[in-house]
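Undergrad: Since chain A is already given, all that's left is putting chain B on it; use the hints.
There are 2 protein chains.
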Amino acid sequence: MSPKITTELLKQLRQVMKNPKYVQEPVQAYIVPSGDAHQSEYIAPCDCRRAFISGFDGSAGTAIVTEQHAAMWTDGRYFLQAAHQMDSNWTLMKMGLKDTPTQEDWLVSVLPEGSKVGVDPFIIPADQWKRMSKALRSAGHDLVPVKENLIDTIWTDCPQRPCKPLITLDLSYTGVSWRDKIVALRSKMAERKVMWFVVTALDEVAWLFNLRGFDVEYNPVFFAYAVIGMNTIRLFIDGDRMMDPAVREHLQLDSTLEPEFKIQVMPYGSILSELQAVGAGLSPKEKVWLSDKASYALTEAIPKAYRYLTPYTPICIAKAVKNTAETEGMRRAHIKDAVALCELFNWLEKEVPKGTVTEILAADKAEEFRSQQKDFVELSFATISSTGPNGAIIHYKPVPETNRTLSVNEIYLLDSGAQYKDGTTDVTRTMHFGTPSAYEKECFTYVLKGHIAVSAAIFPNGTKGHLLDSFARSALWDCGLDYLHGTGHGVGSFLNVHEGPCGISYKTFADEPLEAGMIVSDEPGYYEDGSFGIRIENVVLVIPAETKYNFKNRGSLTFEPLTLVPIQTKMIDVNLLTEKECTWVNEYHQRCREVVGAELERQGRHEALRWLLRETEPLARAQ
Amino acid sequence: MSPKITTELLKQLRQVMKNPKYVQEPVQAYIVPSGDAHQSEYIAPCDCRRAFISGFDGSAGTAIVTEQHAAMWTDGRYFLQAAHQMDSNWTLMKMGLKDTPTQEDWLVSVLPEGSKVGVDPFIIPADQWKRMSKALRSAGHDLVPVKENLIDTIWTDCPQRPCKPLITLDLSYTGVSWRDKIVALRSKMAERKVMWFVVTALDEVAWLFNLRGFDVEYNPVFFAYAVIGMNTIRLFIDGDRMMDPAVREHLQLDSTLEPEFKIQVMPYGSILSELQAVGAGLSPKEKVWLSDKASYALTEAIPKAYRYLTPYTPICIAKAVKNTAETEGMRRAHIKDAVALCELFNWLEKEVPKGTVTEILAADKAEEFRSQQKDFVELSFATISSTGPNGAIIHYKPVPETNRTLSVNEIYLLDSGAQYKDGTTDVTRTMHFGTPSAYEKECFTYVLKGHIAVSAAIFPNGTKGHLLDSFARSALWDCGLDYLHGTGHGVGSFLNVHEGPCGISYKTFADEPLEAGMIVSDEPGYYEDGSFGIRIENVVLVIPAETKYNFKNRGSLTFEPLTLVPIQTKMIDVNLLTEKECTWVNEYHQRCREVVGAELERQGRHEALRWLLRETEPLARAQ
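Respectively, the protein sequence lines represent chains A and B. Residues 1 to 623 (the UniProt record's numbering) make up the first sequence, in order. Residues 1 to 623 (the UniProt record's numbering) make up the second sequence, in order.
Treat the hints as calculated values from the structure; they're not laboratory data. Please note: incorrect hints may appear among the correct ones.
You can't tell identical chains apart in this list, so a pair holds if it fits in one copy or across any two.
[Claimed, not checked] Distance condition first, Cα-Cα at most 20 Å in a straight line; then the derived PhoX-like pairs of lysine-lysine:
1. Lys98 <-> Lys130
2. Lys374 <-> Lys580
3. Lys464 <-> Lys507
4. Lys548 <-> Lys441
5. Lys354 <-> Lys116
6. Lys441 <-> Lys552
These numbers were taken from a predicted model, which means no experiment stands behind them.
Just chain A, same shape as in the assembly:
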């Protein structure tokens, strides 16, 4: 990787920072955050402005350019990559290190008195604006919104904002019509006495209207906003996508509908002016509901007294609880995904000893097998295909420079998943194609014990996921081992592979309580720097549990694994398992045999079926 030469670009940016065509008054600093206008985790190429100006294209980072300096804040995952990708114009600010200044402190230290700091108000979330603005003001500076994005003014070959055709999902996939979702949303709005709800997150728009798109890689979403009133529905979306007869039919755009279900389609770019009009027309006590992570621009459109901000929107919460159609779809998707992985692992077992399989080839092969399955749409995230020391890099993605060949001497970790029209998958398996060492087996077995401890946990209705995080670590902790990531995240139903508001992590506290129908991942791991990485991940469904005393009718919950892919028994030190844990593994494998075996049979994949049967032989415990 050679760094991007940014001297000329920075010169141009510094010119537009003073150009009255773009800024009311010159700005002495300009902030370029990572995100898009919807605070998405995955962003479209046209939104990769920070990567354009700096060369650094990791998933997290904020650039700030002043007249004299250019600095980049990123976290420990990206120190090396950022240092490689940026030229000497840039100073790397290593977040998390003691001596690294915050963006605010750094700005205060370098800016001349009474400076203006500019930022695109659509890209910065309102809560971040508030914090930054306060800090700057108390040092005599001003944070100012710059309407035109200054990077866009100098990005001559900026890709177009994607505007791909949509797909409609019928009731067999969604279980609930968009009309009924609007009705449910309005009843939540009535409960909180709000008159308007602004949908800003892309997956929330997609979920609400039972539509999917392809504007962003991995996430089946499309660029749009929606504003839902008690009697109106406005959808802000561009392109001729609304000309598609299937979409028109799905949204009943040409039908005679009660006015409160008539969708007004408006240009994507008109959201701000429309919202300002809503804001200007509010009567006292008419509140507008927004996520507290919505952009500063949209939040400001509503006068402060009329805003109703919450960390999780009612759509975010409703979307997390899957209905029967969705859980059945997720089950189907996971069976197909397991078929693809049985094929892959069977293939790897034969090919790896030849020394011809690289991490990239293995990832491609995984995609190939998945794409053979019905209703396959795309991958749900960039495949983590890593062997040996690469496995210890938690967010690794193989590129030609790092691409390692799989061998019978190293552990192989594959974290991958796909979008099927009926569901989203995300599964990690750790395999050895030769003979694992006693230490590797020991570590694997602790991770497995942690995985089982979460998966088999029973807990009262209303428990928050973060309370289960330590269960995943207990066996590792007993031996002085740990892993530095959370244990699980919410998973969408043919939607984003990472979604709120629930999860299993020591890092969050504000997660919403788990309830039956929610779907999360269970993925403890262990990483030995420079040697190997181990992770065992299933997607699991929250289901009611049977308990002796049922928490005085509060209700009991537990998890059901949706992922049905064998856990390599070769890696297990059976003597470290309790009888209960042994039984869990055997019952899990029995289920893989029955369910996935039947599908392999149906698809005539006999070799993969033989592999599955061999890999799911019951564990025998030493007495």
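TA: Just chain B now, with coordinates in the frame of chain A:
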């Protein structure tokens, strides 16, 4: 309990709310919070203003009196008690119920436009002021500080503020001199670049100066503030306590000292004016460190730009980590406490069958045995002595109206502790003096499994206590049982039995990480409404653990029980224990035998020793 008649008192209060002698402008509402000026958990009689005006004397509650209404907010523990103690002038606001308005909402609903709401700025913490003030302002009202406490103006027989003699603790108890504590504090201040630190919590003043007092029941503290500068020490304290030669000697008040260790003694009441003088004299960048729970009055004394507020003060954090002298003292205190409880349980075993022992008598007897031990000072909290259904009331304290007789048919729960000059104890044991039912044993055994899971837990250095909370619940959860309180709290060293900043609870997230030397309680329970209560509580010390891999040199921690009182084996269903749990119980009892047995022997308490030996026979597991 008959309610307190408050008609006349409320009339008087409403008069002073309009009396220009006390208020600049009439206030239309007056808030009477629970606390004192130091945000203490336990308060002195002169600070029980809310109990005085309303009759309700539970530990938590806020009264608000307007021209027309008087309302009391309290939580579920106190609904019944508050309803009994208050007359019809009062409306009970049941916190936690869906339809109960917040104080702010209620005020907004009853106040005439543009009202003033008064409160004593010394009693309300700054963070609470901020919240309340904002809510009132947005509805067109004003929260105003009323300098003179209006309750005090009508409380004609208000008890004097206690001002009891102090005791000094020498190095053998504290391990560190007050001078060295000041040096350490100043180095923390230098790190954060603050010039002043204001000590507002009573236990922090006591700890800093190695002094103890008796101004508040159960907590060995005294009314005082301190302001520590980089070169000055100011102690605000009343009475002739500073005339005591032992205190003068201890604080070196009459010695020739370097000026930065010279303590300036000032009247307790002068804190505000002195702090205002400090605030007025600050140069730019000179910050003043305060707890964010300090009173609004003291916080306001420092101009906003100069405040440095943190949830935990450096003293709170330093105090939590006990040094060798303190842990050795805590060990001694717990051995003496165990001797007293062996005597008590031996006595109860003989007396209960006679039907003459009530809950109050048992509590008195426990105090009697404790008071026979060396360096006994007082109890560390009101003894919870409860049998049968009373045991299910988590914060029960026996009073004549509820006083139940212990019997061989009911479970008895005793949660009690004492202050010794060398340490603070807090222990709960649950006993049956007849034959427990299978269900009682089952529940007890789950609680015991939870207790052991926490006590034997191994975790990496830097883990926060709240991450261990679920370990205590796992066995109960498996059967659909739970308890609705946290699992543990920090314990002071001859100081408050409840202290921050660490603990083990699902309710907190902002606790400080556990480190070796911290002391917490481990007290899971189970409560069957109307039938019985079970709790098993030890005080445990955080110690380094030996692990195979030691978290890559991050270090491993675990707990050592300081409490050494037998856990009644009669209550244990051994078949529900794992082998490891059985071994834990047997090793714990072996340690009780050795350590407490030796002390019982030394004190010539042979009958209690025989009881101890019998109660600590090893468990035998059915094969």
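Undergrad: To test your reading of the hints: which numbers does this structure violate?
TA: Failing hints, ascending: 1, 2 and 5.
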